[in-house]
Structure formats: C-alpha cells, structure tokens
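Chemist: Turn these sequences into a full structure, and let the hints guide you.
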Amino acid sequence: MFKLLDGSQTLGRGRTFWSCFLAVLAAALIYPVFADSYDVGNFSYFLIWIFMALGLCLMWGYGGMLSFGQTFFFGIAGYAYGVLAINMGGGSATIAALVLSIVIAMMAAGILGYFMIWGGISGIFFGIVTLSATLVLAFFLGQTAGPEWRIGTARLNGFNGMKGMDPLTVGDFYIEGSALYYVMVALIVAVYIGLRILLNSRIGNVIVATRENPQRAEMLGYDIRKYQLLTFTIGSGLAGLSGALYTSWGQFITPSSIGLPAAAMPIVWVAFSGRSDLTATLVGSFLLLFGFQTITVYSQQAALVLMGALLLATVMLAPQGFVLGVGKLVADRWTGRRRRGANPALGQANGLQSNET
Amino acid sequence: MSAELFSVFYQFADVFAFLILSAAGLAIVFGMMGVINMAHGEFIMCGAYVTVGLVKLGVPLAIAQLLAALTAGLVGVAVEYLVVRRFYKRPLDSLLATWGLSLIVTQSMLLIVGSSITGIGTPEGSFAIGYYTFSTYRLVLFACAVAVLIGLYVIFMKTRFGVMARATMQNAAMARALGARTGRIYAISFGIGTGLAGLCGALYAPTMTLIPTMGATFVVESFVTVVVGGANVLLGTAPAAVFLAMIRMVLNASYGQIIGQIGMLFAVILIIRVLPEGLSSVLVRRGR
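So the sequence lines, in the order shown, correspond to chains B and D. Taking the numbering used here, the leading residue of the first sequence gets 10, the next gets one more, and so forth. Taking the numbering used here, the leading residue of the second sequence gets 230, the next gets one more, and so forth.
FYI, nobody ran anything at the bench for these hints, they're computed from the structure. Be aware that a few hints might be false.
[Claimed, not checked] Label pairs and their calculated CB-CB ranges:
hint	chain 1	residue 1	chain 2	residue 2	range
1	B	158	D	361	27 to 33 Å
2	B	311	D	412	33 to 39 Å
3	D	343	B	334	34 to 40 Å
4	D	372	B	162	25 to 31 Å
[To be verified] Which chain B residues stay away from chain D? Per the calculated CB distances, all over 10 Å, these:
hint	residue
5	28
6	55
7	133
8	141
9	149
10	172
11	217
12	268
13	295
14	308
15	341
16	343
Predicted model only: the values in this text are computed from it and were never measured. Even glycine gets a Cβ: it sits at the ideal position worked out from N, Cα and C.
Modeler: Spelled out as structure tokens, the structure:
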C-alpha cells in the first residue's frame, strides 16, 4: 500500500513531501472557518476543474494520448446531470444523477476511444479527432433552442443553456457553501490518492511503458490497446465528474463551456503545470485557475490572451512545464543542502538525482 | 429533369468547394512538415477581415481577395520564422504553440475590433434552370476550389520548387545534403498553406458574418478532411473532399446542416477505424 503511494511514477515522496501534503490539507480543511462564505464558494468553483486537469494529466502525461476532448466529456456529463436531475426530481436522486452522468460520459469515452485506439489513431490525429467531436457537440447544443429539443421535461435551450436542475442534495439538505467545499476537498484527495495508487501499480507501469515505446510494450505481451482505452476512459470520466459537479454547482450549463476557447483551457493548465506529474498538475492548475478568475473579473478576453501566451511560452521556454521545473529546482536545493551537511561527498551525487528521493 | 440533376450537382459543388478551400492550406502544411496548424482558422479570419477592410476602402472585391490571401501568406511566413521553425522535431509542441497563438489572436481581436463588423454582402447575380434559381457566386467558389487544386498540382509537380519541396518532404536531411535550402522551402510551404487559408477566408467573407471567432466554423471541416485524406494533398485531400461532400450533401438535403456535420464526423470516425492513415495511403500504394 505504502509502496503504491510512494512509487516511482509519481514525484514527491518521503516524510518531507507527505508532511507538506498534510499541512496543505489541514490548511484547506480549516480554511472555511476563517473565510467568508463567498470566498469559500469561489474556492469550490476552482476545485471543480481540478478533476478534469488530473484526468488529462493521466492521459497525456502518463499515457501519451493528447486528448483535446476533455470539455466534450465535461459537456456530456454536465448536460446528462441536468437532464437526469430535472427528470428524476430533486432530493437524494441528484446523487444518482451525478453517478449516472459520469457513467454516461465514460461510456461515450469507451465508444469514441474504441474507434480511435483500435483504428490505430495516435499523436496529432488523436487530438484532432477529439477536438472535432468536441466542436461538433458544441455546435449541436448551440442550435437546440427550439421547444422540440427536450429530453423528458428538460429543455436544452440552445446557446442560453440548460437551467433549473437541483444542486446535489441529500434528503432535504442542499450540499452548498462550505458543505460543498468539504465534499470537493474529499473528492480531490480521493482522486489524487487513487490515481497515485493506479499509476504506481502494475497497470500504471504498463501505461507509462506504452507511452515510452508502444511497440516494445506490445512485444512484452501486453495488449496496449486495452490499457490505452482504460486510461482514456478514466481520464475522460474525470472530466465528466468535473462537468456534473459544475452543473450542480451553478445549476446551469451552456454550450460555451464545451466549445472553443473552453476546450483549450485544460491543455493550458496541464502543459503549464507539467504534464508528467500528478502533483505538479494539481498545484499548477489551482494556481492558474485562481489567477484566471482574478483577471476575468476585469476582462475575460485579457485573461484568455494571457492563457494563450502562457501556452506559447511554456512550449517555447519550458516544454516540461513551469511548475514541475520550479518544483524540481526547489527539491534539488532542499535535498542537496541537507545531504551536503551530513556528508559532503554524497551530497553532490545525490543532488543530481534528487527527484528520486 | 436536368434541373434536378443540376441542383444535386450544385449542392455537391457547394460543399466540395467549402471542404477543399478550408482544408487545402492545412493539408499542405501537414503534408510538408507533419505539423497541424491550429491557428489555421485564424488565418482564415485574417483573410476575411483584410478583404472586408479593403472593399470598404473602395478596392474591387476580386483584387481585395487576392491581396488578402497574399497578406495571410506573408503573415504565415513570419509565424513560421518566429514560432513554428523551432518545433520541426516536436510536432505535438508545434500544435500547442499554434493553439496558443490562435487563442491570443482571437481574443485580442475581440478586445480591439469588438465582436462583429458589418459585412459586405454576397455579390449579386443568379441564374435559373427550370424552376430553380442558383447563386452565381457559389459556382465561382467551386471554380476557385478546382483552380486551387490545379494550381497546387502545377506548383508541386511541374516546378523546380515543387521538386525540391517533395524531396524535402520525403527526406529532409538528404535534400539538404543535395543543396536544397530546406529552411526556406519550409517557410514558403507554410506561407502557401496560410495563404490558401487566407484565400478561403477572403472567398467566404462576402457570404458570412464576420466575427473574430469565425475560424472555428471552418476548423472542423478542414480537420476531418485532412484526417480522412492523409498526408498527400492531391491524392488525399481531394478524394476525401469528394467523399465527405457526398455524405454531407445527402444529409444536409434531408436533415439540415447540423445533422450533416454530425453525420460527417461519424463517417470520419468509421473511416479511420478502417483506414488509419487516410485515403492517400491506399491511393499512393495503388499508384506505385
């Protein structure tokens, strides 16, 4: 169990890292006590998108599949939650709607993934096909304004989007405000730990081996297509989780959260953060979402220009990602100094490979 | 009867022209360098805005369109020099870089120019066959698409530049050793690609509303045509456009635009399951 958490596929291990992890978690847990409810609501909003980023990190960073379709599954689950919650009525049924909508998104991912992966689509074309599907879904939903576009009692409403569904509810208790915040934090911790365990398990090793060299992995006897489909389904399912939570958070969803430029956002977060590590993605995405939201208040266009510039700068200056680079630098300094204090000769050697410690 | 037949041909020609014009530039860049230019839609937008701007200054439409294509081509050469050049060894990164560029351009245009500017209206002129009337401009677009294909054939098969470009495409290191200036060939090819994107925008500018995000309307069609066609423009993109235009025409006529688009996407997903490397892989193999 511990070996799975601290394995070789994920950075950050040892006592120092987990102390930091617990400190951040503790700070996150007591945060609502000191902040006013508006800020807590905003924080929950940032956390919604983290799942999507972690899913893309899994597919792109670990699996080597660059999917541009995160908002496709986000939209499918978001709309599915709305349709289900409206049709099944509020109350505890919303929890079932949440689960079902993620299942629907994962089924969609399974079907699309089957055709792409068994068709041998990879690299650039993987991105192009997923992006095409995303844009077509956005166009389609954009023209569903008429009253004939309804599923049960739920109107799709075209560009104005669907609204009027209940938020997540248990019995009579609406999960809102700090309750929602705690649910989000718990979900993030669960997903983060779960992905760490998955990636350091046997399955994770095969996923990474497939990224490194698909042919060699196949020669070793693994049916890499199954592992790729699994990766794609999980990663897209996480986008679905984001979508369903988004709809329940704001009680509306519009096609604009599917099409461009929304579809580019997960790519920017993950590329900027450092796609090859979960922790870097978690931290970097949160920072970017925070910054983006702060600027959006003044001008959404300016915020998006900044996102584009960040993507361009990342690719040109730090292809591995900024957060990951800075993190490695800090870890280098930290372990380097401590080791040097204990044993000068060893310190030099360890400094070079401190991301291993 | 002949009126019905012509009407079918007219609808086919309309979709075919749209697919060829929007995809040709993308296919050249992809075929040459293995790079998908995500800012393709923004070059289309550039062509459209330059056209409308020049027409409003009093320049005749046809000249404005040529100048717009030229502008987009020159901007393309500049972009190649500043950004794309660094990523020939990393095609995925060039995808991301051009996507970043596309975000910057679209949103800056929204900030500077605003959400929409007044258009210039489709050139008048129509003719009638039987009970149907047809717009002449749509046929002009079809003629332009065919002319683009012929022009590309001449440039890449009959000129010295074409020989060098094809040599670079096949084996860049060898071409360089034989004295081809591959850097310049890449830059010019990228310029031709973006110039064609600009031409597409220029030709369609009179027929649509101009908004900074208009590139997105072309992007799906151009992507799927290139995906189905594969790396070769003449042997891939053109047959792919014929094929997709037929599917699209039937679906458009019976169920409307959006179902046409969805149906086309499904067709593409099915095709790549059977022919992962696109139509050109089959056609090129047959030809050998």
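Chemist: If a hint holds in the structure, say so; if it doesn't, say that too.
Modeler: Each hint, compared with the structure:
Range check, residue 158 of chain B to residue 361 of chain D: about 31 Å between beta-carbon atoms, so the 27 to 33 Å window is met. Our hint of 33 to 39 Å for residue 311 of chain B and residue 412 of chain D holds, since their Cβ atoms are close to 35 Å apart. The beta-carbon spacing between residue 343 of chain D and residue 334 of chain B, approximately 38 Å, falls within the hinted interval of 34 to 40 Å. Taking 25 to 31 Å as the suggested C-beta distance range, the pair residue 372 of chain D and residue 162 of chain B does not conform, at roughly 51 Å.
Distance check on residue 28 of chain B: its Cβ is at least 35 Å (rounded) from any Cβ of chain D, clearing the 10 Å threshold; non-interface status holds. Chain D leaves residue 55 of chain B outside its interface by the beta-carbon criterion, the shortest separation being 20 Å against a cut-off of 10 Å. A Cβ of chain D approaches the Cβ of residue 133 of chain B within 10 Å, the least distance being about 5 Å, so the stated non-interface status is violated. With a closest Cβ-Cβ approach of about 5 Å to chain D, residue 141 of chain B is found to fall inside the 10 Å limit, against its non-interface label.
Once the 10 Å rule is applied to beta carbons, residue 149 of chain B is inconsistent with being away from chain D; the minimum gap is 6 Å. The beta carbon of residue 172 of chain B sits about 22 Å from the closest Cβ of chain D, which is more than 10 Å, so the claim that it is off the interface holds. Once the 10 Å rule is applied to beta carbons, residue 217 of chain B is consistent with being away from chain D; the minimum gap is 17 Å. Under the 10 Å C-beta cut-off, the non-interface status given to residue 268 of chain B relative to chain D is violated; the minimum distance is some 7 Å.
Against chain D, the non-interface label of residue 295 of chain B holds: every CB pair exceeds 10 Å, the least being about 21 Å. For residue 308 of chain B, the condition that its CB be more than 10 Å from all CB atoms of chain D is violated, with the nearest at approximately 7 Å. Even its closest Cβ contact with chain D, about 25 Å, leaves residue 341 of chain B beyond 10 Å, as expected for a residue assigned away from the interface. Chain D leaves residue 343 of chain B outside its interface by the beta-carbon criterion, the shortest separation being 30 Å against a cut-off of 10 Å.
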